[in-house]
Amino acid sequence: MATLSLSGIEKSFGATRVLHGVDLDVAEGEMIVIVGASGCGKSTLLRIVAGLESPSAGRVRIDQRDVTALEPAERDIAMVFQNYALYPHMSVRENMAYGLKIRGFARAEIERRVAEAAALLELAPLLDRRPRQLSGGQRQRVAMGRAIVREPKLFLFDEPLSNLDAKLRVQMRAELRRLQRRLGVTSLFVTHDQVEAMTLGDRLLVMHQGHAAQLATPMDIFERPADTYVASFIGSPAMNFLAGRLTAGGTAVALAAGPVLRFADGPRPGAEGMPLTIGIRPEHLVPAAEGLALALDLVEPLGSESVLHGRLANGEALAVRLPGRPPAVDRLTLALPPATLQVFVAETGRRLDPSPA
Amino acid sequence: MSNAASTTEPGQRPDWLAHGVLALGVLLFVLPIWVVLMGATHDAATIGRGEVPLLPGGQGPANFAALFAGGRVGRMLGNSLLMALAVAFGKIAISILSAYAVVFFRFPGRSLAFWAIFLTLMLPVEVRIFPTFKVVSDLGLVNTHAGLIIPLIASATATLLFRQFFLTIPDEYVEAAKMDGAGPLRFFCDVVLPLSRTNIAALFVILFVYGWNQYLWPLLVATGEEVETLVIGMVKMIGSEANTEWNQVMAACVLALLPPVAVVLLMQRWFVKGLTETEK
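Which chain is which? The protein sequence lines are C and W, in order. Residue numbering for the first sequence follows my numbering, beginning at 180 and increasing consecutively. Residue numbering for the second sequence follows my numbering, beginning at 6 and increasing consecutively.
Bound conformation, chain C alone (with noise of 0.2 Å):
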């Protein structure tokens, strides 16, 4: 169990810049969960911290020591790869217990750690065979017992779980929860799956081309995103943005669709007629006698819920999602009710909180 802190951790291939200075500081046994699409650099960082990569600029620190020029092996890490990078000649047991030997532990005490990991991860009875001859989430269990019996000060996970069937990645996600939840060690765990990142993380990091959109709790995250691209990448399906100008001085939005909306929880600073850009999600929207009518376009039913598509007067996009079975009707009315509206700056895509009464 260690603290970790990266402080202005920043990276360039060449002339290419993918981290411009990312801060984070993971507290003991917390599981930070570094969420983004494709090329935002969180593989970057996670290689960082594991001393795959070095960075341009930045320091990390794990337990207060600065371990940025340090090998990978000197840093007290163990890191579950996304293939899992399983060796193919040795057995399970040779595999988890590669890294010990070279640590040059006693026999005794690497077949003790073995074991105990064996049977926390329900492995003892593949122990003996290889890596080909298991099944995907057998694999990843190895992959995770060849971290655990290193007993190392942090675990980094990159993308463990991609390589999984649908059903198996969510049984998984359960249990690398509970076991990292047991074992109390601090995590890293890099992923571009959102669902992942929300029932995983004790703190999510948001990242976006190479910067850090945000860092809080995931329900924080989903319910005060701090610019519009955190907004639209937390949630599913993804937030719907409106245009509007900000209106009788600062305490109404009015939606370029039409309505004047009074913000529910104070007015906002800035100039009259400044362009905002509002977030709704699509369940806060209601089916109301007036409102945003909207033409739909496309149904989606997905069982205990509905997403229907459709667009308003003005040509913006709009999602809702409704429970139960869709409703056999191509035209809608909604309500915004204003508690759930997300304020933000069009120019920016800041979020844009009310001014302190």
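Don't take each hint at face value.
[Said to hold, decoys possible] Once the Cα atoms are required to be at most 25 Å apart in a straight line, the calculated SDA-like pairs of lysine to any residue come out as:
1) W:K183 <-> C:G503
2) C:K280 <-> W:F193
3) W:K278 <-> W:D176
4) C:K280 <-> W:P175
5) W:K183 <-> C:P267
6) C:K332 <-> W:K278
7) C:K332 <-> C:M453
Calculated directly from the structure, the hints in this document are not laboratory data.
Following the hints, complete the assembly by docking chain W onto the known chain C.
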């Protein structure tokens, strides 16, 4: 039943044609070897008369006994074996290490080194034989085992084969090994070597036969009895047409055939695996 069915199917060439072509091919390969085998079992006079016996004679054991009598053929056999083994292992050792360096390390001049190795592909022993002989002779290695073996050990082909194989080893293994704390040598011994087993076996077969069959280089360098190989010895046995003991030459031929055949047979399983296996 299935045979009958396949021969009567319309539009298909009958099986006997395919088998005929195959049999012809086999005959073409087997006949010379058969002549050698049979020749080794007759006395000198039979072959001297210009006969080409196709049936075994009674002189086989006597011919081999006469061949081994002076102890010279035994030494030739030993020299050939030493040369083939040393060339095979030497080539594998040198080329696997150079391929490892070229693939897994970033160092100045890496691509220069690779291209230099690659270029030597275009210079087989025969092309550079005079400069090589000059070097070996200046070093005083003519008529030594070292002079016989060392110039043949460098191998661009094997290096390239290993390089291609190493390129298919996923980066994650290297990274996992780094996390596990394995240095370059540990990684080589614990991961790269075991994964290369089948490739090494396949190369060993090819290189052993290559080393065993060497002719031109030993002909130049191994002029003394102490280092001459079986292949060279055979050439020396064929002195002038008149006093050549053809039955013994044939027997020596049989001896020269056996080790490569044995190696191929013994390593066949590995050999095929090494050439076809792609699973990682």
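Violating hint indices (sorted, rising): Hints 1, 6, 7 are the ones this structure does not satisfy, whereas the remaining hints hold.
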